Structures are given as C-alpha cells and as structure tokens.
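J.: Protein chains in written order, with my numbering: chain A, 35 to 253; chain B, 35 to 253.
Just so you know, these hints were derived from the structure itself, not from any lab.
Do not rely on the hints blindly, as some may be mistaken.
Remember, identical chains collapse to one label, so a pair may be satisfied in a single copy or spanning two.
30 Å max Cα-Cα, derived DSS-like pairs, lysine-lysine [as the list claims (entries may be wrong)]:
hint	residue 1	residue 2
1	K199	K115
2	K67	K152
3	K112	K193
4	K112	K67
5	K199	K85
6	K227	K115
7	K112	K227
8	K152	K199
9	K154	K193
10	K87	K67
11	K227	K152
Given the structure is predicted, the values throughout are model-derived calculations rather than measurements.
2 protein chains.
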Amino acid sequence: MLHLVIADSELELVPQSIADHPAVVNYAKRRGKKPEEVVLDSSYHHSALRKLKDGDRRGRPDIVHICLLNALESIANKEGKLRVYVHTRNDEVIYIKPETRLPRNYNRFLGLMESLFKNKVVPQDLELLRLEEKTLSELVEEIGPDEVFVMHEGGELMKPRDFGKVLAGFENPLVIVGGFPHGDFRSQVEGKKVSLYHEPLMAWTVVNELITNFEHWVL
Amino acid sequence: MLHLVIADSELELVPQSIADHPAVVNYAKRRGKKPEEVVLDSSYHHSALRKLKDGDRRGRPDIVHICLLNALESIANKEGKLRVYVHTRNDEVIYIKPETRLPRNYNRFLGLMESLFKNKVVPQDLELLRLEEKTLSELVEEIGPDEVFVMHEGGELMKPRDFGKVLAGFENPLVIVGGFPHGDFRSQVEGKKVSLYHEPLMAWTVVNELITNFEHWVL
C-alpha cells in the first residue's frame, strides 16, 4: 500500500488577524458566511494576504483539490493500493476514505472544507473525511511505513519510472509531497529526498508521476 | 510528439434557450455578466439544464480545466513532447500553446474561457489560446498523425504501461479522450479504440495515465 501525504498544505480558514480586511469581509458576505468561516484563497484575498507572514504562499486550497482529484480517481486507488492524507500548515491532518468521491467543482470543494473545519468530520454519517490536530511527524509515526520519501527539488534526481520501481519494492512506502506553491517544507521532514525532474514541478504533477509509476510495477 | 485531443468537451456558453432561466439569470448577475456571456456549469445551472437535450452531461468546464492543468504541467509538455487541443460539443477547437500557464483557480479559468469565446483569442498579444470553429475530424486531418487512438470503455483493454509503449512507437500519435462525464462520443471518431481499465475512468485519470506512460518510454 502506497501512503501519500500532501504536507504543509496551504489550506486554512481565514486567520483572525485579517478577518476584518475588506477583501475578506466582502468575499464572505458574497458567500453568505462569516469571515472566519471561509477558507483562505489567494485568488480572492490577495491584498489581505500581503499583511500575513508567508503571505506569498498561503491560501492555496486549489492545490489540495487537484492533488486529491488525481489521487482518488487513480487506478491505484481503485485497486486499493493507495491511501491519501492531507497535512496542513496549522498541523491538522485530513484522513480521507479511499471511496470518497470529492466534489469536482472547486467552489463546492471549498464549501466541503469549510464544513470539515467546522464539524471535524463530513458527512456526519459516512465520515468520509475526518480532521484531527496532528503534526506531520506524528502522522508518519502513526502510519508506520517501512520507508519514507520526501519529494524535494534538492533531492536525488531519479527518473519517475525508476522511482516507481523503488516504491514498489516496499510493502508500505510513504511519500511526502509539498502542498504549497513554492519554497520549502515548514515541517521537519525526515526521509530520503527525491527529485523527479531538473525543474520544479507542480504538486499535482508529482502526485500523478509517482502514482502512475508505482502502478506500473505493482498492477 | 504526442497529440492529445480532449474531444466533445462539455464546454460552452449558456445556450439561448435557457438564458432567461432564473438559475442562469441570477448566476450571471452575481458575476456581473450577461446570461449568454457565461460558461454553462452544471453545478450552478442544474435546474436549467433539465430543460436541455443531453442536460445530464452538459456544463462540465471543470473536466477541461483539470485535464489541461495536468497535461500542461506534465513533464512531457515541459520536454516539448506534447500538444493539447480541446474540441467542444459545438465543434469549436481550442489551440493551446505549450508554454501556457493556465489559471489554477477554477473561477478565473471560467473567466478566461468566457473571454476566449468572446474574443476568439486570449491574451490579445501572446495568443496563448485560440478558438476556431472546427469538427473533430477536421482537427485530426489537420494534425495529420501517423496513428489515431480513441480512449473508449468498449476498446481493447491494455495496461497503461503497454499502451505507453505503443504510443512511443509512433512519431506523431494522436489520442482522443472524451471531455464529458459519461456516455459516448457525439462526434464520429475513427481510430483504434483502447481501454486502460475494466471500469470507467475520469477523463483526467486517462490523461494522466497516457501522458506519464508515454513519458516512460520516450524520456
């Protein structure tokens, strides 16, 4: 089973310190929510983000959305060979049941995340998504993989096909992919650093490469 | 060079016949546009769609968005080994320059498509996206591939790795992937029908599989 962690994801509710910023207030009003109940989104809260530490990388729920749509609809997931987790900048972990059919529509996905932050579990009956306070290290320890790989620009350059073969050589490999647009991990990450290309890749490209190349050797 | 066509995509402006439906009128007003200027989206125009022929499959710009984000950010595209085209249900073809960095945000993507339908080219200076009236057959003839493959539930079942090898054996293979949620192609499609899995897959899953497995043999 391949364990995939989208780590340090830039997925969070609007922080209190900018909840009264006009860009946030108007956006929340338009969506019929309170400012502190909406997910931070750099597309809409750009001017407010400039007041925040790390403002140039925060508010990217779109990255999580695309990574999850690709992972959950992959053949590996349908074959029961994959588990996906989202770890956020505020040290929350989202557990996702493999049979989850995530909203394809981005705005509905935001609504789902807002509900998850509020209720810690959605939907109440099926509990497809569950949110817990947890650091990346705690999550890795909990999963107990036989090897940890960290996708990193500065890691050992490997062809995706070769990396897929390496992954397939383990019973329970865990791969950490950064859920942020640029920069480095904020969490302390321990594991073998691997790079799949000589240029930076989007998080979802890395997710696609490692899942399909893992499938290549195990299916 | 691999040519990828997202065909019969459910990407269109709101049809005239439902432009006065309350669901459409309110949505357009909220976005500050005229009803006939907004892209049809099943998430918001569901009740209006019930009045349309094929209403259960139309209004899926999200499928195009995710397929394009995956294709354009792929390693194959960065290596100059890929061309992507979008063909729509109304027989328009969108040509996309490989260096295009598409909006990650879905709502901005909708805005871009609306601008493209209006101006036929965006942005005016770089012309990264260009829209022309053209059927799928005309597009295929224009590209002039040495082989055409059609991804189809009823096609010959091949492992993605094996299909990647087949693709890599051609100079200019063309692959047609349906840009619709379910059902069959509306256009007449000629080519070798291939299926990558014994269950239906989302369009973007097929796109990911065929691009990464093509890379596998050519990079």
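J.: For every hint, state whether the structure bears it out.
T.: Here is what the structure says about each hint:
1. Taking CA atoms no more than 30 Å apart as the test, K199 paired with K115 passes in both settings, with 15 Å inside one copy and 23 Å between copies.
2. For a Cα distance limit of 30 Å, the shortest separation of K67 from K152 inside one copy, 12 Å, qualifies, whereas the shortest one across copies, 33 Å, does not.
3. Taking identical chains as interchangeable, the C-alpha atoms of K112 and K193 lie at most 30 Å apart whether they share a chain (25 Å) or sit on different chains (15 Å).
4. Proximity of K112 and K67 under a CA criterion of 30 Å is satisfied in neither setting, with 36 Å inside one chain copy and 41 Å between copies.
5. Taking the shortest Cα distances, K199 and K85 never come within 30 Å of each other, neither inside one copy (45 Å) nor across copies (51 Å).
6. For a Cα distance limit of 30 Å, the shortest separation of K227 from K115 qualifies both inside one copy, at 22 Å, and across copies, at 27 Å.
7. Within a single copy, K112 and K227 get their C-alpha atoms as close as 28 Å, and across copies as close as 22 Å, so both meet the 30 Å cut-off.
8. For a Cα distance limit of 30 Å, the shortest separation of K152 from K199 qualifies neither inside one copy, at 40 Å, nor across copies, at 48 Å.
9. In this homomeric assembly, K154 and K193 never come within 30 Å of each other (Cα to Cα): the closest approach is 39 Å inside a single copy and 39 Å across copies.
10. With identical chains, the CA atoms of K87 and K67 are at most 30 Å apart within one copy only, with a shortest distance of 25 Å there and 35 Å across copies.
11. Neither within a single protomer nor between protomers do K227 and K152 lie at most 30 Å apart by alpha-carbon distance, with minima of 35 Å and 47 Å respectively.
Hints 4, 5, 8, 9, 11 from the earlier list are contradicted by this structure; the remaining hints agree with it.
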